[in-house]
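Trainee: Sequences listed follow chains A, B and C, in order. In terms of the working numbering, the first sequence has 131 at position 146, counting the first letter as 1, and numbering is strictly consecutive. In terms of the working numbering, the second sequence has 483 at position 484, counting the first letter as 1, and numbering is strictly consecutive. One gets the working numbering by counting positions in the third sequence from 1 and adding 96 to each.
Think of the hints as simulated: they come from the structure by calculation, not from any bench. Check each hint, because a few of them may be wrong.
[What the hints assert, rightly or not] Using 27 Å as the maximum straight-line C-alpha spacing, the simulated DSS-like pairs for lysine-lysine come out as follows: (1) B:605 x A:54; (2) B:416 x A:77; (3) B:416 x A:-11; (4) C:215 x C:322; (5) C:274 x C:311; (6) B:518 x A:77.
[Stated by the list, open to error] Have a look at the derived ranges for each label pair, beta carbon to beta carbon: (7) B:564 x A:62: 49 to 57 Å; (8) A:19 x C:237: 52 to 60 Å; (9) A:70 x B:316: 55 to 63 Å.
[As the list claims (entries may be wrong)] Where chain B lies over chain C, by a calculated footprint (3+ residues, C-beta under 8 Å): (10) 136 to 143; (11) 193 to 204; (12) 239 to 251; (13) 296 to 303; (14) 439 to 446.
Idealized CB from N, CA, C, for every residue including glycine.
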Amino acid sequence: MTRKQKRTLMLIGGLVFLGVATGLILYALRDTLVFFYTPSEMSEKLAEHEITPGARLRLGGLVEKGSVKLMDDGVIRFTITDTAKSVPVTFKGILPDLFREGQGVVAEGRLQSDGTFVADTVLAKHDEKYMPREVADALKKRGLWEHASKQQNAAPTAAAASGSY
Amino acid sequence: MIVELGHYALVLALAVSIYQTVVPIYGAHVGNPRLMELAAPAAGVQFLLISFSFAALIHAYVTSDFSVLNVWQNSHTAKPFIYKITGTWANHEGSMLLWVFVLSLFTLAVAAFSGNLPQSLKARVLGVQGAIASAFLFYIVAVSSPFVRIPEGRVPLEGQGMNPLLQDPALAAHPPMLYAGYVGFSVAFAFAIAALLEGKVDSAWGRWVRPWTLAAWTFLTAGIALGSFWAYYELGWGGWWFWDPVENASFMPWLAGTALLHSAIVVEKRNALKTWTVLLALVAFSFSLIGTFLVRSGVLSSVHAFATDPERGTFILAILALFIGGSLFLYATRAHVLKLEGSFEPISREGALVMNNVLLSAATAAVFIGTIYPLVYEAATGGGKITVGEPYFNMTFGALIFPLLILLPIGPLLAWKRGNLRMVLGRLKVAALLAALVALAVALALGAGVGAALGIAVGAWVFFGAWEEWAGRVMLFRAPMNVVMKRIRTMPGHLWAMTLAHAGVGLVVLGAIISTTWKGEVIMAMQPGQKVQIAGYEVVYKGMQQATGPNYLAERGTFEIFKDGRLIATDFSEKRTFLGRRGMPTTEVALLHRPLGDLYIAIGDKSPMGRTVRIYFEPMIYFLWLGALMMVFGGIIGLADRRFRVGIAERTESKVAAQAAE
Amino acid sequence: MTSGVEFWLLAGGLTLVVLLLLLAPLLRRPGKALARAEYDLAIYRDQMRELEEEIAQGLMDEEAAGRARNEIAHRILAADEARRKAREQLEGSGRGTVFVSIVAALLVPAVALAVYVQKGQPGRPDMPLEQRLANAAQNNDLAALIKRAEMKLRQKPDDLRGWLAIAPAYERLGQMDKAVEAWRRAISLSEKPSAALYNAYGEALVRASGGKLTKTAVRAFRQAQKLEPGDPMSRYYLAMADLQAGRKKQALTALKRLLADLPPDVPARATIAKQVAELSAQPGRKAPDSQGAVAAGPSPEAVRERMQAMRNASPEDRMAMIRNMVEGLDARLRNNPEDLAGWLRLIRARKVLGETDKARDALTRARQAFSGNADALKRIDSLAAQLGLSS
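The shape of chain A in the complex, shown without the other chains (with noise of 0.2 Å):
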């Protein structure tokens, strides 16, 4: 082989090496996304035929108050609400300790035809506001969760803020 021969296979190598870890990473995240959408969202979409029962996503809300049942076989049936729409969940399994009615919290798992969304994994992982973060961008577009962040950072702030003499 001359050096140019052995040059030009090695040039060859690398595109075909890049090529598969093109195809990798894209196969891999049309396979594996999992989209996130509030109750109002999810019913748009369902009506705009963009997703159909059966399909895998994460539904996001407010747990409404008062709807969270335990049953006897042991599934938990909760409402998922934005305000403006509710999704009924059904749950089995044991709920995350910062799940609590009137707070937010995400489902993953499908909707069925029946309009129901059986959850399989249910999330209440917080940051330091204690709000699932998209369920905070998706309440905050609806001007809803204001006031907690607001009871955050008390008077002092806006005290220092506007007098920093």
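Please build the complex by placing chains B and C on the supplied structure of chain A, with the hints as guidance.
Mentor: Only chains B and C this time, still in chain A's reference frame:
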């Protein structure tokens, strides 16, 4: 007045950092040695000023000076002394100050250990370091100052307290380590920029860059391991790696830095791969910047973080654009100046190192795409949210790292320039055999699937391969014992570093595969007195009590652990509610270390059926920490290797001495 | 302001030192600059030496060793060549002027000053919490005083005296929940809690619940009755509880009896008498049905009002009044020290007001007054022990 003097010192440091940028780089440009000489003292002054400023902030924390807004927001009088100190950097503003403090420390180190550096290179490196410092100091002083005061007369008597999750020894040490890693790559970055300005990269350059890269890599390894260890025992979920954006942000510079560590060897030994290495140095530090900023500002999880704090967001974008964009632009326009030299065979040490770089870069890219994709999607669709979860990362990262692990023991045995693959494989017979045996034994005894067995085989292959290479080097079993001992004693540090780090990687792989494959998990609601079986242990829940700590109240669950009917331990898991910060309690897990793994018990909430208890058996999970420790230890030994430190001064002196002796 | 002057002196000194350090190298004679190639050469020689070591250790075969040697030798030759060329060039170097560095250095204080006066508060003193707490008494800063007591109690949560001192202070600041908690802790810590202590606890509970006599409060007043049968304070509140529960007749009887038992010089008499009169004036009037049980008795607001009246309006005034009374008692006992009950009341009052030193003083004086009376001394000592004043 210490607070205000600290604030003034910080502002003064900003002014000095501008001086440190302008004067040496101008001096190097015009070739004036007197101007270039001014770089080192500026670095010293810079360090003193920032140290003083940082100490002033720590002092404010320790004395609970709530007239400082930052102290009020993040401290509490009831906090134990140690967390008053660490609270200083457990928030955005303070952590940025820590960042520049570590930067000034590294700059000082470069100035101090640069006896073997040509003056113009030294001046340019220190100048670039000064530029990085100016950008950060400007950011801190302008929009992220920890020295903002609360107006007199409105100063509260109690602080809001520190995030309880962060009140932990591992997490107290985590940020300084991580930052030392991030900031350490700034030195390699500065060397790369200096080389681009100078238009010269050669074998000597490779040698100068290597110890700094190794130092950064060692700190970053330690930082990531501490963070992972903390997540393991503090979050109460039993996992140690979640492919969370925050974790990825520190993992990407690590991957790029690991690639840089290896490509710099090729530069030194073969004077090749030069433009690529310069690019890697730029990329490693760029990822460090992204890691620093985007984690703290929360941008990685949502574009909205920019909207909540537009001032900071714009600033951060500007700094990222300046350093990442600017350095890549410089690279694009100047890289051709670097002389290309040498071609090489694919089957050779350098060929193996190139493969290492190709695979590590692809893995970095895969992690980067997975981390950034949700952000891009959100920006592109106007708020759409998606999750790229563990399956993506396991699939792509796993597939890309697998061939690298196969190659790992082979590379160090290949000769430079022209290697003999058959001979090398012959020298790894024992490792191959052991790997196969271990995988087979585990698969037969515990019933592993093909994937797990393969993973274990690869981990064992890496681990034993590293040691077989070492055994060959010291002529174990091939030479008399005293010869072997002498060889072990005289083996240079950088070779020890390689063996330990590579064996450490093997252990980490083994720990990761075993602990995820055979993890035992019981999550259930328990009544006092109730028993549960897990991995051959019997855990009895005894009930809850109240307990008090220095700054928290706790509910404490007591557990008795039996093995073969014999009580082997009584352990506690707590839910702590901290004073000051209302909010979620933290979990303190009961951890029982056994030879085969950890028994991990975390109490949860009350439920109608009793107390939620999560019990995990984490087999061989300590392999992870042990492996990380070996990697860090290897890094430290490598840094101690004297060949990195022999300076020109020492050389000329010894030359003079030699001449005198003649 | 002196602290401002001091600050600028220190900041100025710091700036001056910084400038000196920055420019110090200009005062020295410049060291001899070496060409880049000299450094390269040093590195390559090191590499060669290491290579020889490795070869000597037998870590390389002959062929690889030869190749590596060749390569390094090649580098050394090239660097040597470069060095020779550089020597000639180096002579002509040193363009640009040192003036640049002096201008840049002088810009340092200018930039620092311009930015700092914008961002900082020159000379503003630190406010470490400890110092603020230490100065609290001087500055009459009640919040800081309480904070100090709280911090002490956090370290020593079983300090009875501490709780007794902090409870009335909370009441003064209107932090009734904390006051309730403090009284509760004090009760649970005393070996033999007194009726007065239960009364204080009960009152705090009533105030905390906005005048409503909760079950817990009633229990506290009952306990006070049990400890000191006939104690007027708890009797009054228990009557109020009856009233709130709609047992008007019982309440009226209790109040009348209380009025009969009270000595004529008690200021609260007037209030109670007025209340009795009000209640007796409307015996036949039917309570409006719609109001139900609550209407049968005084509303919590009414109780609170009356309490307020008994307290003479604001808590501050009440505190002042109590202090006046206590000072009066103290003065009276100085002239007329044979009143054992008076002494006991004084010691307790001093203690409850948090004036521990004065309580001790009263204790000493009481012991002196009854130095011959073993019985009296015993009672004094037991009170002292109960209040945690002994030795």
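Trainee: Compare the structure with each hint and give your call.
Mentor: Hints and how they fare:
Among the hinted pairs, residue 605 (chain B) with residue 54 (chain A) is consistent with the structure: their alpha-carbon atoms are about 15 Å apart, no more than 27 Å. A threshold of 27 Å between alpha carbons decides the hint, and for residue 416 (chain B) with residue 77 (chain A) the separation of about 61 Å lies outside it, so the pair is violated. At roughly 17 Å between alpha-carbon atoms, residue 416 (chain B) and residue -11 (chain A) fall within 27 Å of each other, so this suggested pair holds. A distance of roughly 65 Å separates the Cα atoms of residue 215 (chain C) and residue 322 (chain C); the hinted pair therefore is violated under the 27 Å criterion.
For the hint linking residue 274 (chain C) to residue 311 (chain C), the alpha-carbon distance of about 18 Å falls within 27 Å, and the restraint holds. At roughly 21 Å between alpha-carbon atoms, residue 518 (chain B) and residue 77 (chain A) fall within 27 Å of each other, so this suggested pair holds. Range check, residue 564 (chain B) to residue 62 (chain A): about 41 Å between beta-carbon atoms, so the 49 to 57 Å window is missed. Look at residue 19 (chain A) against residue 237 (chain C): about 56 Å separates their beta carbons, and that is inside 52 to 60 Å.
In this structure the supplied range 55 to 63 Å is violated for residue 70 (chain A) paired with residue 316 (chain B), their Cβ-Cβ distance being about 35 Å. Beta-carbon proximity to chain B at under 8 Å applies to 7 residues in the stretch 136 to 143 of chain C; the threshold of 3 is reached and the given coverage holds. Proximity of the stretch 193 to 204 of chain C to chain B, defined as three or more residues with a beta carbon under 8 Å from a beta carbon of that chain, is established by the 8 residues found. Residues of the stretch 239 to 251 of chain C lying with their CB closer than 8 Å to a CB of chain B number 5, which satisfies the three-residue condition for coverage.
Here the stretch 296 to 303 of chain C counts 0 residues with a CB under 8 Å from a CB of chain B, which misses the bar of 3, and the coverage is violated. Residues of the stretch 439 to 446 of chain C with a Cβ under 8 Å from some Cβ of chain B number 0, which does not satisfy the need for three, so the listed coverage is violated.
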